[in-house]
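Q: Chains as they are written, first to last, in our numbering: chain L, 1 to 272; chain C, 1001 to 1299; chain W, 2001 to 2361.
Among the hints, a few may not be true.
Dumping the calculated DSBU-like pairs for lysine-lysine here, alpha-carbon to alpha-carbon at most 30 Å [said to hold, decoys possible]: (1) K2103/W - K2124/W; (2) K189/L - K2106/W; (3) K2124/W - K2106/W; (4) K2103/W - K2169/W; (5) K189/L - K1116/C; (6) K2109/W - K189/L; (7) K2103/W - K189/L; (8) K189/L - K70/L.
Don't read these hints as lab results, they were simulated from the structure.
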Amino acid sequence: MKAGPSPAWILLRVCVGAVYLFMLGPILITATVSFNASNRSVFPPQGFSLRWWARALSWEWLDPLLFSLKLATLAGLAATLLALPLAFALVRHRFRGRDILVALTLGPLLLPALVTGVGLLQLFQYAGLRDLIGLPALIVGHVVICLPFAVRTIAISLQGMPPNLENAAASLGAPPWRTQANVVLPLVKNGIVAGAVFAFIHSFTDVNLSLFLVRPGEIPINIKILGFLEFGFAPTLAAVSVLTIIIPLVVVAAVQRMTGLGDFLYAERGHG
Amino acid sequence: MASPRALGGDVHPAMGPPVRHLVSAHWLLAAIPALVLVVFFALPNALLLTVSFLKSEAQQLTGEVTLENYRFVLSRRLYLDAVIRTFAIGIAVGALDVLLAYPLAYFLVRTTSRWKGWLIALSLAPLLASVVVRTYGWYVILNRNGVANDALLLLGLTTERIALMPSSAAIAIGLAHALLPYAVLTIMGGLDAIPPNLERAAMSLGASRLRTFLSVTLPLSMPGVAGGFILCFSIAISAYATPAILGGPATQVLATAIYGFMTQLLDWSIGAALAVVLVASSLALLYLASRLGSRQVSL
Amino acid sequence: MGDPALSLVAVEKRYGDTAAVAGLTLDVAEGEFVTLLGPSGCGKTTTLGLIAGFLPLSAGDIRLKGRSVIGLPPFRRDIGVVFQDYALFPHMTAEENVAFGLKMRKVAKAETASRVAAALDLVKLRGLGARRPHELSGGQRQRVALARALVIRPQILLLDEPLSNLDLKLREEMRVEIAELQRALAITTVFVTHDQSEALVMSDRIAVMNAGRVEQVGRSTEIYERPASRFVAEFIGRMNLFPARIRAGAAGLRVVTARGVTLALALPGGIVEPVAVHIAVRPERACVLRKAPAADWLAERGRIEQVLYLGAAHEIRLALEDGLRATVEVTNTGAPLGLEPGMTVWFAAPPEACLVLPAHQ
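The task is simple: from the sequences and hints, build the whole structure.
A: Structure below.
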């Protein structure tokens, strides 16, 4: 029935190609710079060398990288754990103050993380908890900004459940805890995993909140790179930057094989 | 990642109550995360608000209530400029992102290619890279010896290398690049909400593809476009890394000013005041977005 | 014992000021198939929810075999439920779905396996046990839901419009299958539907509900041929209604039509004084005549507006002289009808086909 793409569609494809180029170009450029033989961050690259990568994999950079991984894992898990009861309460129950709780839950997503970071710094300072600034404060801050992601994905899972399932289980003789364990939890599993993944990535890539809660020796990799960038643009930084993309990429790819993350990114798609 | 969509809606109503009243065990469990949010989100913000009305002297907080902090911020050229620059960049970023995202979003929603899933993933992949990574690439492109200058010289638009950065324009481009995926997601959501039969109806009534797009699709996708604009705007005004890297001391924005006051000048009262200005703007934008019918996020 | 299998005693369910169900009293005998029939919003699904224990009662009592179940949660009532959307567990196979209730009752593995196989056999799904719900058609899912509810041998089987999502042919088939299954297993069953032909075919007794109340309970024949109220008369099948009055005359109370003709019709019980009534005639019990009928027949003159061909019958729509409309259904015998739109004819019904109903309820 269709006679081949119309000129308008072809034009659209060209535009789309240009946009993809715009989107991915700078990232690819960063990658190529990391292989640059010369000392300068230029494009097109001059020669090929792996020495910047050697430096990127040295302890100087691996240490903050591992720190970020540790932070993201801890914060991601904690956020997901806390998100479970919260999502259940918000989706399944009506109670006074629910609207406030919704606002509180979505708040960290909607208000600038920068401000939350500033606020937390002040909080710890004025509460005399200066010593907690560093990993403990970072964990707390990251949990707060990652919580909304986990709550959202779990809520999407819950709402996608056919409404009579729990009644069906009850009618078949399942007491409430068995219903939750045998029927609800297996169906919410995907939402939980997606939530954990989004929380992890959000924590790993965060800059604005971490900015205010670092302490020497306890610095996430992105803040470290940022610090160095303000002095110069050595290709080592390019290599390190590429390294920081690989980890989230691997995590997403691994999880996508097991459970479909796409359903949670794009809740619009025909889900209830 | 805020995408506009209200979660909810059954097809068949449940025979028993689909919604129960809070059972005591659930109450207890949900109270823990609620407490965490109150103490580590609501409290800090409330603290900021309070501190912004207190005077700081010699880097120490006094108990004196004052409006001096706000007066300072809004009267000093340097900081007023920063605020104005922040919003100007925000508008530019919002507009640029919406313009660039629309064709991509339209394509992704309408294409029947078997690579559709991959293409969507590709358009969102930049979100996996932190802002620092993405901005680095722009440094390479926009600096004096970079690709942009090469291109300008090649096209004969300039005769010598110019400093494209640090500048507000560079910040705007860098931010637009970083926030593009958000606009794509939001506009895709808006387009997806249009029932496909509407376009078929228009064409059956004699409208060409272009007319259908202009009279039906475009107007109906406006909530998504507005949402995308507002989302990018609100993230842009609170951005730190990109303005820090692609801008300089002469191109301060709200975020860099806040950072300066909090960590270098150590005047936390003014820092707090600036932060309150930022939050107030974000809240105003949220309100605007909801009035425009573009649902950002809801549960 | 003499207790009915299920007893609803003055059951009431209120939401704020509105009563979804009010004053509902109904007994269901052991092994009986009772249908709750009514339009959407009449409270039939709510009633089912009350019996199952998904909803708490506002007032009244519900007893299973004489024992009140108030306060007993659903998983302790011995019930089996088939939901309108089937509510199959999507993460389990058909077999696992059916086995769920047995698992909850801690039935041994071997026995579970054999009972599940037997149940799937019963609903004609042998061999499909390893499939997941999304790999089954609507009709197959419905059967799994049925098997799941039956395998636990519940005291009471509750079905909430289980056939409404199936297409016509399948619906008609399943109606008969479910009814036969129920008879074979002799399980006390409460069936909810808005489809009156389903109710007529499947039930031992029908309870017609309207706005939270039961208007009439009785066997299919009673409900259809002797509806107690205008609502029931019009809800089941179609009904021609003619306004009339009861007048006191020399021979006692008589029915007088709007045009003043007196007819000797049986009066419904409880009428002792002149009131407004309706004369009700089923379309298939009336006929279209070219000449006026006998004097004791109900007769109204009119014009044929449409003659519709229904396959098994003809439906003749008339516009009567006093502005009323009437419908007559004539079985298709194969012979030419001889009736065309525009003809002037008589709508006629013999006295035994006429029912007198109170005008206001």
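Q: When you check the alpha-carbon spacing of K2103/W and K2124/W, does it fall within 30 Å?
A: Within the cut-off at roughly 22 Å; holds.
Q: Take the C-alpha atoms of K2109/W and K189/L, compute the straight-line distance between them, and say whether it is at most 30 Å.
A: holds, 27 Å
Q: Take a quick look at whether K2124/W and K2106/W sit within 30 Å of each other, Cα to Cα.
A: At roughly 26 Å apart (the allowed maximum being 30 Å), K2106/W and K2124/W satisfy the hint.
Q: CA of K2103/W to CA of K2169/W, is that 30 Å or under?
A: At roughly 35 Å apart (the allowed maximum being 30 Å), K2169/W and K2103/W break the hint.
Q: Would the hint linking K189/L and K1116/C be met if the CA-CA limit is 30 Å?
A: Since the Cα atoms of K189/L and K1116/C sit roughly 26 Å apart, the hinted pair holds (cutoff 30 Å).
Q: Between the alpha carbons of K189/L and K2106/W, is the straight-line distance 30 Å or under?
A: Holds, because 26 Å separates the two Cα atoms, which is no more than 30 Å.
Q: Sort out whether K189/L lies within 30 Å of K2103/W, counting only the CA atoms.
A: Distance ~22 Å between K2103/W and K189/L Cα, so the pair holds.
Q: Is the straight-line distance between the alpha-carbon of K189/L and that of K70/L 30 Å or less?
A: holds, 23 Å
Violated hints amount to a single one, hint 4; each of the other numbered hints is respected by the structure.
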